[in-house]
Amino acid sequence: MSERIVPLVRKKQIIELSDSGKRTDGRSLTDYRKITIQTGVIEKADGSSIAMIGDTRVAAGVKFEIGDPFPDIPNEGVMQVGAEFVPFASPDFEPGKPDEVAVELARVVDRGLRESKMIDTSKLCIVPGKKVWIVHVDVYILDHCGNLIDTAALAALTALLTSTMPEACLEGDEVKLTGKRLPMPICDLPVNVTLAKIGDKMFVDPSFEEEEVLDCRISVAFKENGMLCAMQKGESGYLTVEEVLRAVEIAKDKSQELRKKVTEAINVAK
Amino acid sequence: MSERIVPLVRKKQIIELSDSGKRTDGRSLTDYRKITIQTGVIEKADGSSIAMIGDTRVAAGVKFEIGDPFPDIPNEGVMQVGAEFVPFASPDFEPGKPDEVAVELARVVDRGLRESKMIDTSKLCIVPGKKVWIVHVDVYILDHCGNLIDTAALAALTALLTSTMPEACLEGDEVKLTGKRLPMPICDLPVNVTLAKIGDKMFVDPSFEEEEVLDCRISVAFKENGMLCAMQKGESGYLTVEEVLRAVEIAKDKSQELRKKVTEAINVAK
Amino acid sequence: MSERIVPLVRKKQIIELSDSGKRTDGRSLTDYRKITIQTGVIEKADGSSIAMIGDTRVAAGVKFEIGDPFPDIPNEGVMQVGAEFVPFASPDFEPGKPDEVAVELARVVDRGLRESKMIDTSKLCIVPGKKVWIVHVDVYILDHCGNLIDTAALAALTALLTSTMPEACLEGDEVKLTGKRLPMPICDLPVNVTLAKIGDKMFVDPSFEEEEVLDCRISVAFKENGMLCAMQKGESGYLTVEEVLRAVEIAKDKSQELRKKVTEAINVAK
Amino acid sequence: MDKSTVTKLISDDGIRCDGRKVDEIRPIKFQLGVLKNTDGSAYVEWGRTKILVGVMGPRESHPKHLALADRARIDAFYRMASFSVEEWKSPAPSRREVELSKVIREALQPAVFVEYFPRTSIDIFIEVLQADGSTRCASISAASLALVDAGIPMRDLVSSIAVGKVEGKLVLDVQDKEDKAGESDMPMAYMPTKNAVTLLQMDGQITYEEFQQSMEMLKKGCLEVYKKQREAIESHFKVVEPASEEA
Amino acid sequence: MDKSTVTKLISDDGIRCDGRKVDEIRPIKFQLGVLKNTDGSAYVEWGRTKILVGVMGPRESHPKHLALADRARIDAFYRMASFSVEEWKSPAPSRREVELSKVIREALQPAVFVEYFPRTSIDIFIEVLQADGSTRCASISAASLALVDAGIPMRDLVSSIAVGKVEGKLVLDVQDKEDKAGESDMPMAYMPTKNAVTLLQMDGQITYEEFQQSMEMLKKGCLEVYKKQREAIESHFKVVEPASEEA
Amino acid sequence: MDKSTVTKLISDDGIRCDGRKVDEIRPIKFQLGVLKNTDGSAYVEWGRTKILVGVMGPRESHPKHLALADRARIDAFYRMASFSVEEWKSPAPSRREVELSKVIREALQPAVFVEYFPRTSIDIFIEVLQADGSTRCASISAASLALVDAGIPMRDLVSSIAVGKVEGKLVLDVQDKEDKAGESDMPMAYMPTKNAVTLLQMDGQITYEEFQQSMEMLKKGCLEVYKKQREAIESHFKVVEPASEEA
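Chains as they are written, first to last, in our numbering: chain A, 1 to 270; chain B, 1001 to 1270; chain C, 2001 to 2270; chain D, 3001 to 3247; chain E, 4001 to 4247; chain F, 5001 to 5247.
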C-alpha cells in the first residue's frame, strides 16, 4: 500500500506552497480555473450544455416527459436530477457500478437547483392532479479533473436556462402535444461554489490533485439575491466552526463571479 | 475448516445432556424461553410489535396501502409479508444480500397467518374489482439468538391483532380517507411452534447454539380450534414418520401456551 | 492456459479434413445434422415446440397476454422474444447470470421473425390505441451441441405456426375473453441458416466442436419468397466480401430445405 | 389463490374429476439419461406436469471459498419456464422459486453420500416445462434419478408425493385444479428404506386426525412413486445403448 | 415536500406546536449495550424518532482487497424500516439512504482512531424504526455511543442536531412536521472538545446572517446532546450487570 | 418502429430529404485525443450523430481470472445518454445496448494486435451524446481512431457505414428518419486493406440482387469513411501541441 506515500509527499508540497498563497497550477487560493460553457449542443434534447471548469467536463441534457404528479403536490411538475459517471472520465470509474459518489453528486446538484426554486413547477402542470411534466435533468461526467460538483451544477443550470418546453393541450381526456414550444418558467439562477480544506487553508475549486489530498470539502449554493439555498460538507475530515464561516464567506463572493459567467454564456446562446 | 470441530463436540454434549431431559440453558426439552411481547411501539405504523423469545428479538410493523386486487379475487384485500435481516442481528447477515433464508422465513410466517384465514380479507375491499387495501406486514430481525420463525410469527401476529385500519370512502370515482379508523377484521389467532431434532430428541424452541448443531427442524402452525394450518420441515436432516407425529403432538400442546401469551399481551395493550 | 492447445490441434484437423469436403462427424460442408421438430408439447401454452438439430435441443413456448400498445403503433399487437439458457444445457452456463450471448440470441431470433412480417400484428389489436395482445415467444436452450441460433429460430417459428390465439371482446369498457380460440394471423414462414467460417471454408450448421474453433459465423434469414429479412455476423473473426457473398448464396439454398422440414412438421401437427 | 365455488371435484362414489380414486396417483413416467451435457439427467411426466432435471458434478466448487472441507456442497435451482403456467411468468426467479429451491435441496441432501466428495459441488438444475400440480414432488423424485444417472452414491432414492383435502376428503397426488380449489396441500419427500422424511410442508386447514391419516397416505404414495423410480432405473441400465430422448 | 399552507407552527409568544421554545430540544433518551450479537450498540429515542445502531468490528475486512494497510475501513449503513414513515416504504435502499450512509460515515470517521486497527473493518449498521425528523442527527449521536460501547478508542464523541427555519424563525431540533412545512433544514455534527464540524448540510433558503446565527445555535444544541450522551455512557458503565434492553 | 405513411423521402430525381444523393454520405468530422483521462480517445460528428469514445488500456485485467494468457482481452461498452434520443431513455443498459456492445467489440477485435499484450485488458467506452442513425457505424469508426490515439498497434483501421432501402431505392448512410421509415438497414464494418468484413447485420427485406448491390455500395462507402479517418489521424499527429477539444 505504498501508493499512500506519494499523496502524502504531494500534500506537504501543496500545503507549503499555500502558505504563500500559491497553488501548484499557479492559481491563487480563491481562483477558479478557466470556465467554458457551451449550450444547445444536443439538438434532440429540450435543453443541453457542456460545461468545463479547467479540464473537468460535464454534459447536461434536459428532457420533458409526461407523467403523474406526486400525490402531495398534485398541481406541480417534477424535476428529476440524475448523474452518470461515464467510465472514460476517470480510470477509477467502473462501468455499470452504482456508486454512492454518483448518488451524492446527483442529490447535491438537485438540491442546489430545487431549493432555490429556480423553476416555477406550478407552470409544469398539464391536468391538475392527473398529468404533469417530468423534467429530467441528467449530468454525464465526461472528464474528471477535479470539482465535479460545481461543474455538474453549472452544466445542469445552463441546460435548464436554455431549455424550452413543449406545449401540451387536452383533446377530450387525452393529452396531446401542439408542436409549439414554450419558454422555461425560470425564477432564479443558483450557483454552487466548492472549497477544499487542505491543512488549514481553504482552496476554491479544487483540482484533481488537490482533491486527492484534501481533508474535506464544503459546497454552498447561492440564489441570485445572495441567500444560501444548499450546503454540503463532504469527505472524512472536519472543519472548525470558524473555517465554516470563512468558507461560506468566500463562497458568497465567488458565487457572483460564477453567475456572471453563466449570464454571459446564456446571452451568447440567445 | 477446523471450525467444524467445535460444533461437533458441542453437539455431543447437547445430546448427552438431552438423554436426561436437560438442555445447556437449564430448560427442559419442551420449555420455551421467556417470551415478551410489546405492542404499539411504532406510533406511525397501523400496528406494531416487538416480540422476544429469549434474546431473539423481532420487530413487526403493519402498514395499509391502497392498491389493485388480484384479478382472480377481485373483491378481497391483499396481505403481503416481508422479512428483513438487519445486519446487526447476527455477524452472519450481510447488508443488502437477498437471502433464501429470509425468503423462506417470510413465506413460512406468511403461510401461518394466511392459511388460518385470521384476516377477513373481504373486509379489505374498497371498490370491488378496482381498489383494495394492501396490508404490508414486515418483520425485522433485530437480534438472532435462535428460533426466528416462532419469534417472527409472534411479532407479525401481535402487530396485526393490535392494528387498526384506515377508513376509505368514494368521492365521485376517487378514493379518499375519512380520517377515521376501523378495527381489524380478525377471525383467528394462529401461532407457530418450532422444534429442532438433535440426535434422536426433539427440542422445543431451539436456541442459537442448538440451531448450529441441529439435524433439522419442524414448524407447525395451529388455529385457535386446534387445526393445523401450516407446516414446514427445514434444514438438511430428516425425521422418521414417528418423529414427525410426535413433534406435531408436542407442538399442538405448546401452541396453547403460546396463544395464552399472545392473549395476555393483547389484553395489556387494550 | 494450456486449454488453448487442444482446440488449436483440433482446428488443424478440422481444416485439413475440410480440404477434401469432409467434417469430423461425416457430414459434407453443406449438410445439416438431423432435424426433429415436435409441436404441441406444452398444452398450457398457446403454442409450443421442441426443435432439435443434431443433439442441440430448444423448447419454445408462446403465451398471449393483454397489454398496452406502443404509442407510435397504437393499433398493433406486440411480439416479444426472450431467450433463456437453462444451466443444464451446457457446463458453461451459470444460473441467473444475464449474458450478452443470450441477449444476442434472443434479438437475432426476434429479427428473423419480426422483419419477415410473418405475423399480421394489426390482427392482434383488441381496442385500438388502448389494448392489444402481447405475444411472448420464449426459447429455452435445453441442450447446447452447436448452432443455437438456427435451432432456436426453428423452435420459435414452429411454436408460432402451431399457436392459436384467444378471442377477446369488449363488455362495456372491460376486455373479456370469450373462451373461443382464433387461428394465428400468419403471413410468412421465415427460416434462418447459419454458417461458420473455419480457415477459408464455410461450414453449414456448425457443431459444438466446430463452434469452439470457428473464426466467425454468419446467419441469414429468408422469407418464403426468397428475400433476405435478417443477417448477423458473429464472433471475432472476419469474412472477405467474397466469402460473404458465397455464404449468403449457400444459405439461400439451404433455407428451402429447412422450410420443407418445417412444413412437414406442421402438417404432422394438423 | 381462488378457493371459491367449484362444482364437485369428487363424485359421491369417490371418483375425482380426472377419474382417479381418492388414493390413486396419476400416470407417472420417469426417464433417465435424457440430456447430453450433464453428468446425469432425468425427465418426468407426472400427469400433465413435465419436468427436466440435470445434475452437474461432483465438480470443482466455484467460487472456491464456498467449498466445504469435509463434504460436497449441494445446490438446487428450481425454475419454471415462462410458458409452464396459465399466465405468462417472468423468467426472473420468484420468491416461491427461491423457497422451493431451498426445500428441494434439503429434501435431497440426506440421501447423498456428500462426505465422499469433499471440496466439490453438486448442482441440481430443475426446469419445469409444464406445471400441473405437485411440481416439487415430481422435481425431487426426478432429481433422485438424475443423481443416480450421474453415478453419485446414494443412501436411498427420495420419493415424493402430496396429499390434499378436497371437498372435505383427503386425496392423494393433487393436481393443479384440485390444489387451487382444495382446502389444503401437504407434500412429503421420503426415503422408504430409511423411514426418513426429508421434506414436509403443509398449507390449508386439517385436523390432527386428518394429519395422522395424511401421513399414512403419504407413506403409501411415496412407496408407489419409489416403485416407478426403481423401474425407470432398471429399464435405463438394462439398455445397452444410451437411452433415447424423451418422445 | 409540501411546504404549503400550515396554520401557525409557532405561536406569537414563541412556543412551537409541540410546546417547545425555539431553542429547546426534544426529550432525548440514549441507551448503550442494547443488542446481543454486536460488538457495540445503542438505542435512541429522540422525540418520536426511534433508532437502533449496532457496530461490528474491528473485524477482518471482507472482501480482503478492500482492506486499508494503514487504518481501519469504516462503513455506515443507514436504513429505514418499511413502517418507519407515513407511507409504506420499500425495503430496497433509496438514493436518500445511500447518500445519508455516506455523510454519516464521514461524520463519524474523524472521531475514530482508525489508525489503531489497520486492515480491519468497522461496520456501523443503523436501523430507523420510526422517523420523526432529525434521523441523521439521532443516528450519528447514537452511533457515537455504539462505538464507545464497542470499546473503540475515539478522539471525542460526535454530537449532532439540526436548526430549521419555520415561519421566518430559526428553531432548534426540527421535528418532522416542522421540517415538512419549514423553509429550511440545516443539520450539523460536531466534536465539541475538538471544535470540529464533521457533518454540515443545508437545504431551503436562509440569509447569510441567519446562517451565522444557525451556526451558533447548532454549537449550543450539539453541546446539549453531548451532555446527554455523556450521561448515557456514565449510567451504562456505572451498572455492574449488563444494561437491560430498551423498554 | 413506425414504417407507415411518409411523404417522399427521395425525390423523383434521386435527391434525399436532407439534400444528399442516394450514394452520398453525410458530413463526418473525426477528432482524436479529445479526453484527458484516457489512454486514447476520439470524437465524431456524423451528421447530427455525436459520439465520444475513450480507450483505457492495455492495462491489468480486473478481475484477474478473466485475463487471457496469450492475448489482450477487449471489451466494448456502447451506451446512449438519456437525452440522446427522441424520448428520455433510462440510463440502465437496454438489450439493444448489450447486443451492440458485443458486435462492436467483435468488429474491432480483428484489427487489433491483441497477441502483443497478453494478460491485459483493453476497454473501449462509447457514449452516444446524440443519436441520429448509424450510431454503431460511427462508434466503430471513431473507436478505431481512439485505439490509434492510444498507440495500440493495429492491422488496419475499421471503417463502417450502412446501406438502407428507402422507397424501394438503396441509399448509402441512412439517417434516423430514413431508418425509421425505410424498408431495411444493413450496417457493415470493414478493414479496406485486408478486405475483411468484421461486422455485418441486416434487418428489413431485400432481394438477393439488392443484397449484392448493397455490398458494393458498402465497400465504396467504407472507403470514403476510411479516407476521412486517415485525414483525422494525419491532422492529429501533424499538430505539435495536443489537439484542442471538440468545439
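Calculated from the structure, these hints are not laboratory results.
Among these hints, one or two may not hold up.
Each pair of labels, with its calculated beta carbon distance range [stated by the list, open to error]:
id	chain 1	residue 1	chain 2	residue 2	range
1	F	Ala5069	A	Pro166	53 to 61 Å
2	A	Val6	F	Lys5064	18 to 26 Å
3	D	Leu3223	C	Asp2031	34 to 42 Å
4	C	Pro2095	B	Gln1013	34 to 42 Å
5	D	Thr3207	E	Phe4237	52 to 60 Å
6	D	Lys3029	C	Thr2164	24 to 32 Å
7	C	Pro2095	B	Pro1183	41 to 49 Å
8	A	Pro166	C	Thr2164	40 to 48 Å
9	B	Cys1169	E	Phe4237	51 to 59 Å
10	A	Gly226	B	Glu1171	43 to 51 Å
Subject to a maximum C-alpha distance of 25 Å in a straight line, what follows is the list of computed DSS-like cross-link-like pairs (lysine-lysine) [to be verified]:
id	chain 1	residue 1	chain 2	residue 2
11	E	Lys4177	B	Lys1176
12	F	Lys5169	F	Lys5021
13	E	Lys4008	B	Lys1044
14	B	Lys1044	A	Lys131
Not everything, but these chain D residues come out facing chain C in the computed CB check (under 10 Å) [to be verified]:
id	residue
15	Glu3024
16	Asn3037
17	Arg3048
18	Arg3079
19	Val3085
20	Glu3086
21	Asp3123
22	Phe3125
23	Glu3127
24	Leu3129
25	Ala3146
Computed from a prediction, not measured in an experiment: that's the story for all the values here.
Every residue gets a Cβ at the ideal spot worked out from N, C-alpha and C, and that includes glycine.
Now the hints, each set against the structure:
Checked against the given bound of 53 to 61 Å, the beta carbons of F/Ala5069 and A/Pro166, roughly 56 Å apart, stay inside it. In this structure, A/Val6 and F/Lys5064 meet the distance hint of 18 to 26 Å, their C-beta atoms being roughly 24 Å apart. Taking 34 to 42 Å as the suggested C-beta distance range, the pair D/Leu3223 and C/Asp2031 does not conform, at roughly 50 Å. For the pair C/Pro2095 and B/Gln1013, the supplied restraint of 34 to 42 Å holds, since their beta-carbon distance comes to about 39 Å.
The hinted range of 52 to 60 Å is satisfied by D/Thr3207 and E/Phe4237, whose Cβ atoms lie roughly 56 Å apart. Distance hint for D/Lys3029 and C/Thr2164: a CB-CB separation of about 27 Å, consistent with the stated range 24 to 32 Å. The supplied range of 41 to 49 Å is met by C/Pro2095 and B/Pro1183, whose beta-carbon atoms lie about 47 Å from each other. Restraint check, A/Pro166 to C/Thr2164: a C-beta distance of roughly 43 Å satisfies the suggested window 40 to 48 Å.
The supplied range of 51 to 59 Å is met by B/Cys1169 and E/Phe4237, whose beta-carbon atoms lie about 56 Å from each other. Judged by the Cβ atoms, the range 43 to 51 Å given for A/Gly226 and B/Glu1171 holds: they are separated by roughly 46 Å. Proposed proximity of E/Lys4177 and B/Lys1176 is supported: the alpha carbons are some 22 Å apart, at most 25 Å. Distance hint between F/Lys5169 and F/Lys5021 is fulfilled; the C-alpha atoms sit about 11 Å from each other, no more than 25 Å.
Note on E/Lys4008 and B/Lys1044: the hinted pairing holds, with a Cα-Cα distance of about 23 Å set against a maximum of 25 Å. Distance restraint check for B/Lys1044 and A/Lys131: the Cα-Cα separation of roughly 30 Å exceeds the 25 Å cut-off, and the hinted pair is therefore not satisfied. Interface restraint check for D/Glu3024: the shortest CB-CB distance to chain C comes to about 21 Å, outside 10 Å, so the restraint is violated. With a least beta-carbon distance of about 5 Å to chain C, the hint placing D/Asn3037 at the interface is held under the 10 Å criterion.
Interface hint status for D/Arg3048: upheld, as the beta-carbon distance to the closest one in chain C is roughly 6 Å, under 10 Å. Evaluation of the D/Arg3079 hint against chain C yields a held restraint, the C-beta minimum of about 8 Å falling below 10 Å. Here the hint on D/Val3085 is kept, as its CB sits about 7 Å from the closest CB of chain C, short of 10 Å. Nearest Cβ of chain C to the Cβ of D/Glu3086: about 7 Å, under the 10 Å cut. The hint holds.
The closest approach between the C-beta of D/Asp3123 and any C-beta of chain C is roughly 7 Å, which is under the 10 Å cut-off, so the hint is satisfied. Given the 10 Å rule on beta carbons, the hint for D/Phe3125 holds: about 4 Å separates it from the nearest Cβ of chain C. Contact between D/Glu3127 and chain C, as hinted, is supported at the beta carbon level, the nearest pair being about 5 Å apart and thus within 10 Å. With its C-beta approaching chain C no nearer than about 6 Å, D/Leu3129 sits inside the 10 Å limit, and its interface hint holds.
Given the 10 Å rule on beta carbons, the hint for D/Ala3146 holds: about 9 Å separates it from the nearest Cβ of chain C.
Hint compliance for this structure: hints 3, 14 and 15 are broken, all remaining hints hold.
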